[in-house]
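Start from the sequences and build out the full structure, keeping to the hints where you can.
Protein chains in written order, with this note's numbering: chain A, -3 to 90; chain B, 200 to 864.
These are computed hints drawn from the structure, not numbers from a lab. Wrong hints could be hidden among the right ones.
DMTMM-like cross-link-like pairs, simulated, lysine to aspartate or glutamate; straight-line CA separation at most 25 angstroms [to be verified]:
id	chain 1	residue 1	chain 2	residue 2
1	B	K589	B	E556
2	A	K(-2)	B	D757
3	B	K493	B	E476
4	B	K722	A	D17
Label-pair distances were calculated between CB atoms; the ranges are [as the list claims (entries may be wrong)]:
id	chain 1	residue 1	chain 2	residue 2	range
5	A	V84	B	Q254	37 to 45 angstroms
6	A	L54	B	R708	18 to 26 angstroms
7	B	G656	A	V84	46 to 54 angstroms
8	A	P47	B	A719	38 to 46 angstroms
9	B	E476	A	P47	51 to 59 angstroms
10	A	C83	B	K589	53 to 61 angstroms
11	A	Q50	B	K795	35 to 43 angstroms
12	A	C83	B	D738	30 to 38 angstroms
Where a beta carbon is used, it is the ideal one built from N, C-alpha and C, also for glycine.
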Amino acid sequence: MKITREEVRRLAELSNIFLADEEIDYLSGDLEKIVDYISELSELDTVGVEPTYQVTGLENVWQADEVGEHLTREELLALAPAVRDNCVKVPKVL
Amino acid sequence: MSSEILRIVKSVKSGKSSAHAEVEAAISRAEADKTNAILEIVRERALKRADEIDQKIVAGKDAGRLAGVPFIAKDNFLTLGSKTTAASKMLENFEAPLQATAIERLEAEGAICIGKSNLDSFAHGGSTENSAFGVTKNAVDETRVAGGSSGGSAVVVARGIVPFALGSDTGGSIRQPASFNGVIGYKPTYGMISRYGVVAMASSTDVVGPIARSVEDVELLCKILAGPDGRDGTVFPNYFSKRRIKAIITDCFGVLSTGILDYLDELYPKHHNEIFEMHKPFDKGEGTFQQFVKTYADAVGSNQEDMLQKIQGARSKAKRNEKFLSSIENWKKNYKIGLLSNVTPGLFEIYFTPEEEKKYFDDVVLSFQEKLVKPDPKIYELAARRLGVKPEECIFVDDSQANVDAATALGMLGVLFDDTEKVIKDIDRILSQSQDETVGVSRKLKIGLTKEFIGDGVDQSVIDRTHEFAAKLEKLGHTVEEVGLPMAKYALPIYYIVTPAELSSNLARYDGVRYGLRAADAKTLAEVYGRSRDQGFVDENKRRIMIGSYVLSSGYFDAYYLQAQKARTLLIREFDKLFEEYDFLIGPVAPTPAFKIGENIADPLKMYMADIMTAPASLAGLPALSLPAGIDKNGLPIGVQIIGRMKDDGALLGFARSVEGAKND
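Following this line, the structure appears as structure tokens:
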């Protein structure tokens, strides 16, 4: 399947990655090869087969609603690239 | 190969060496490393912890099962005292505020993390060439790749810098580099070890596992690492059992042989109800043999003389369970065997001669002798005590649910006897998982050699080493047969749909806002996301994220993602079917030995082929071990893979240990 430059731009947008033009050039070739390869699966008859999303069969693992030890606000804010007034700072949105 | 970990622990605890000396030595080796396997050496914290362990030992306190053992963790495990980069620009300066559960578990036993190893950025790759901080060279040949993504971890173990390292495996990332560098890599059953604090890649196949130089060390590490911690809901309760079985206690009638009631039933079918009614007191251990004979004689209207003769002849009509008895003989070589029976006086001796009693049992407990009957807990305690073991060290087999329940309540491992073959299999599995260091695999196994992995496109030396391994297993008395896994050819397309889908979601968290890289030139919020992700990810990260977006986007979801998850079901069914007949599957780990640095880098698809033999077990969640199997003509290591049933980790490692030992003979 042909992966056009437009398609790569759309995928980059969905993936929130700003790609430079030259990146789009070579990535479109790579992605086309990969998509061609994974498309081999279409030949397989899977009518009536249930999908497997996870292999353990575990479901709804509950735990007691108790206050435990957690990281402090200071520890977490220390990780952020920009902080102001105990909040993570980002460029103006509005 | 003997345990290097145990050697270090012994030497540290005895004062011959010290944790400080072991850590200093390992750090020196790490500093001298020229393979770029290590991204950061954790000097300060490691030495501080070593001193704490030495103080504990001097004070006579327990310093743990890994006291003073240095190790290196793949740099996608969060650790204190160092950065955790996932070999990415995105996390180049990230200092984690917490440690991964796996690291905590090892540290709690006295192990010391001395460094972080290189990987493909975010574990995306099979060569460690996708690291943002340079390629890691193969331990044997510096012009070749280390494999990946846990390339650094495999190399530091292969080069003797540390006795073990931690890796993560999503589609082969522990097994393939282990194979490329000639060490042992283990991908446990999905859900055996907590992944809390490990940088997530694909949540439905990610596992944590050790890389080491002996199976014994892998086993020891798994014992320490396994089990839930409350912070990863996908972890099973610890089935990697801590239980050490020393004895098997079995019921007699209904398990080893049909009993007197079946016999009398056959002789006097019309008197079935009376006989059963009359037998009740005897079932409780009451009465004498004479009373017993008289009761039955009366019940059927015969004379006592006649009945006595008939009863004495009961053995010849009894259906003995020869299959189970021969398993008992086999188990008796390594375990104590006890018999615990509610039985009428005189009857047991009719069914088992004194010679047979000696042949099958170490001890026989009969209810009438003890004036106790099952399910009274006292008689179980007595049976265990007389064998010199604790109840929790016993397997108890009985055809009565009430009797099994009573044994279980006491801490024994109760097994309800229904289908002979199934019970034998269950017991064998329990025994091989019971981790009694003195017991290997005593049973002869049926092994499937996956023929799809030794066909076209596979290096001849890889095929040769695999066949030699199969021949070795046969020499050990196991049966090896070629088996088909036709879905294997679809495993890689499935894998390269499912994992990108999952990782594109998992990597959405790297947005330049709360932690990690924020692009300096970002002016708007959209640019913070987009530019940070462009600068923080390498090409392979971007390819996979975009493929993930592709297969999950509307219009393609059903054709790719859903189709892949359905195909995954078909693959798992094929595995299930094979494991009905075979104990383990074997095959190569990768189609070639380590390839040249740069050889595959221009072609991502060619690089993906390195996962072709490891992805199937990942998609099915099965445990799989990469075991060194020799070298090719250039001296490059080649590994073989052993795949087991889900949760059969104990048996798989026990089997691997027995094979590994044989290699050195």
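Here is how each hint holds up against the structure:
1. With a CA separation close to 23 angstroms, the supplied pair K589/B and E556/B stays within the 25 angstroms bound.
2. Between K(-2)/A and D757/B the CA atoms are separated by roughly 19 angstroms; this keeps the pair inside 25 angstroms, and the hint holds.
3. Only pairs whose Cα atoms come within 25 angstroms are accepted, and K493/B paired with E476/B is accepted, the gap being roughly 14 angstroms.
4. Taking the CA atoms of K722/B and D17/A, the gap is about 20 angstroms. The hint holds against a cut of 25 angstroms.
5. Evaluation of the 37 to 45 angstroms hint for V84/A and Q254/B yields a pass: the beta carbon distance comes to about 41 angstroms.
6. Checking the proposed 18 to 26 angstroms range against L54/A and R708/B shows it holds: the Cβ atoms sit about 23 angstroms from each other.
7. About 50 angstroms separates the C-beta atoms of G656/B and V84/A, a value consistent with the hinted range of 46 to 54 angstroms.
8. Between P47/A and A719/B, the C-beta spacing of about 43 angstroms keeps the proposed range 38 to 46 angstroms intact.
9. For the pair E476/B and P47/A, the supplied restraint of 51 to 59 angstroms holds, since their beta-carbon distance comes to about 56 angstroms.
10. For the pair C83/A and K589/B, the beta carbons lie near 58 angstroms from each other, so the given range of 53 to 61 angstroms is met.
11. At roughly 38 angstroms, the beta-carbon separation of Q50/A and K795/B lies within the given 35 to 43 angstroms, and the hint holds.
12. The hinted window of 30 to 38 angstroms between C83/A and D738/B holds, with their beta carbons roughly 34 angstroms apart.
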